[in-house]
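Line order of the protein sequences matches chains X and R. Using the numbering used here, the first residue of the first sequence is number 319, and each one after it goes up by one. Using the numbering used here, the first residue of the second sequence is number 3, and each one after it goes up by one.
Just so you know, these hints were derived from the structure itself, not from any lab. Please note that a few of the clues may not be correct.
Partial list, derived from the structure: chain X residues whose beta carbon lies under 10 Å from chain R [unchecked claim]:
(1) Ala327
(2) Ala339
(3) His351
(4) Leu368
(5) Trp372
(6) Asp434
Each pair of labels, with its calculated beta carbon distance range [claimed, not checked]:
(7) His36(R) with Ala386(X): 25 to 35 Å
(8) Thr193(R) with Asp382(X): 47 to 57 Å
(9) Lys473(X) with Gly202(R): 47 to 57 Å
(10) Arg340(X) with Gly202(R): 39 to 49 Å
(11) Pro295(R) with Asp431(X): 37 to 47 Å
(12) Asp320(X) with His36(R): 16 to 26 Å
(13) Lys473(X) with Ser205(R): 45 to 55 Å
All C-beta atoms in this analysis are idealised placements derived from N, C-alpha and C, irrespective of residue type, glycine included.
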Amino acid sequence: VDRTLVEAARSGDEEAFASIARASADRLFAVAHRILRDVGRAEDAVQQTLVTAWRELPELREVDRFEAWIHRILVHACYAEAKRARRWSANVRVLSVDGPATPDTTLSVATRDALDRGFRRLPPEQCAVFVLHHYLGWPLGEIAETLGTPLGTIKSRLHYATTSLRAALEADARTATPTSRERMA
Amino acid sequence: MTSNDFDRTAQAWLEDGPTNVSDRVLQAALDEVHLTRQRRAWWPTRRFREMNNTSRFAVAAAAVVVVAVAGISLLPGRGGIGGQGPSTAPTPTASPSPISPPSSSPLPAALLSGPLPPGRYSTFPLDRPNGGMRFTFTVGEGWQGFVPIGAYKYDDRPPADRIGVNFSQVNGLYSDPCLGAATEDVAVGPTVDDLATALGHQSAYEASTPVDVTLAGYSGKYVDLELPSDWVTEGCFLWGDSFYAQGPDSRWHLWILNVDGVRVVVLAWDFAGTPPEDKAELQAVVDSIQIEP
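Build out the structure end to end from the sequences listed, making use of the hints.
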């Protein structure tokens with residue numbers, strides 16, 4: 319993001335912020351969707367992130383840290399969305415409409431399903447670390463700094479997320495094997 | 003599967019998915035930005051560095067208190083639907099409203115998560131395809147916003163005294179309130195009557211007989227819900243520090259409205275033990291609601 323735009327927006331220039339939002343929204347949405355696995359909730363998280371970023375921007379002292387700063391806001395918005403989803407859905411469910419996704423043909427349907435199921439069982443804090451590391455390619459130290467969380471905690475979250483997802487894949491493989499044998503028999 | 007294999011699989015899986023946000027969402031955000039005042043920078047860059055240790059500790063302690071209060075405010079009440087029995091109709095209060103008059107600003111402020119100064123607020127809580135619908139309402143002292151779905155008054159009060167108001171769009175129901183992590187398993191048709199009827203057919207909680215109602219100029223049905231008093235949350239799935247399964251002692255009051263063909267639900271919740279003045283305040287918030295389709 320252009321540093322001059324950030325400085326202008328920080329000083330209250332709404333047009334400058336709109337330019338930043340247009341440049342950032344897709345990336346923020348992509349990350350939010352990976353964390354939340356739901357288009358509607360990812361959209362809500364992005365919307366909340368942009369409004370919060372605008373409101374809090376004068377407090378950003380290091381303009382060069384804008385990218386990390388807004389991703390931190392996004393991750394917290396995702397936490398709130400995840401908690402809201404689980405609390406509010408106890409008795410009712412907010413309508414969500416999943417948008418089209420482009421299937422990745424390099425993964426089997428079973429693998430994607432297993433990862434989807436496993437991922438949905440993870441706490442949002444583990445989901446966020448997993449996505450920031452594997453999707454954005456951020457080193458764990460950068461994640462820790464961005465989220466303001468100790469490095470050991472970030473490592474722990476990634477470890478548990480990875481262990482859970484590997485277990486989901488292995489469980490899926492185990493259940494798939496007898497089915498194949500049955501078919502062969 | 004080796005670690006490298008897993009990493010490659012995970013990365014391929016994460017690449018799979020949408021990457022473009024809709025123009026509608028971006029525009030809605032910018033509309034909300036237009037209504038949102040920027041926070042003034044009150045914290046000089048070097049101030050914290052120049053503080054002595056005592057001052058730093060005091061500031062840090064204050065920050066912890068704020069976070070703790072905000073965290074509590076996001077926790078659900080112990081109960082969700084319950085109380086002393088569903089009423090048959092909404093009961094507008096005759097008490098003077100404890101709510102402060104709306105802000106002198108001609109525009110409501112955009113709802114934000116966290117403590118809300120008394121005033122009038124606006125939110126866009128509905129997911130696609132009806133994201134443009136705006137709800138505005140007025141709150142008094144002690145309320146917390148929870149973007150985008152509503153506001154709550156927790157203060158330091160015990161859980162059974164808490165009150166709140168939510169706006170949403172209900173697509174289905176759960177036969178077991180403990181199963182919030184799963185897909186809703188009770189299909190509900192698209193009309194106001196469909197939802198009111200479906201609520202009445204559930205066995206996990208008691209529902210009052212739906213009655214005709216008008217709120218914010220839109221007609222619909224009003225229903226009270228309550229869980230049995232012996233409801234226990236033990237065995238329900240836990241998420242972090244929150245129960246999302248509902249417990250005893252709280253009531254949900256639902257206005258199921260038809261807003262230009264879109265079914266929306268205004269939910270006001272309180273508890274059996276909520277003081278009358280707080281119930282009156284909650285009713286006053288409901289009475290202040292305006293809906294722009």
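Hint check results:
1. Ala327: Since chain R brings a Cβ to about 9 Å from Ala327(X), closer than 10 Å, the hint holds.
2. Ala339: Because about 6 Å separates Ala339(X) from the closest Cβ in chain R, which is inside the 10 Å limit, the hint holds.
3. His351: 6 Å, holds
4. Leu368: 4 Å, holds
5. Trp372: Result: holds, 5 Å to nearest chain R Cβ.
6. Asp434: Nearest chain R Cβ about 8 Å off; hint holds.
7. His36(R) with Ala386(X): 25 to 35 Å: 26 Å, holds
8. Thr193(R) with Asp382(X): 47 to 57 Å: 54 Å, holds
9. Lys473(X) with Gly202(R): 47 to 57 Å: The hint (47 to 57 Å, Cβ to Cβ) holds, given that Lys473(X) and Gly202(R) are roughly 51 Å apart.
10. Arg340(X) with Gly202(R): 39 to 49 Å: 47 Å, holds
11. Pro295(R) with Asp431(X): 37 to 47 Å: Holds - the Cβ-Cβ distance for Pro295(R) and Asp431(X), about 38 Å, lies within 37 to 47 Å.
12. Asp320(X) with His36(R): 16 to 26 Å: Once the Cβ atoms are compared, 21 Å apart, the range 16 to 26 Å for His36(R) and Asp320(X) holds.
13. Lys473(X) with Ser205(R): 45 to 55 Å: 46 Å, holds
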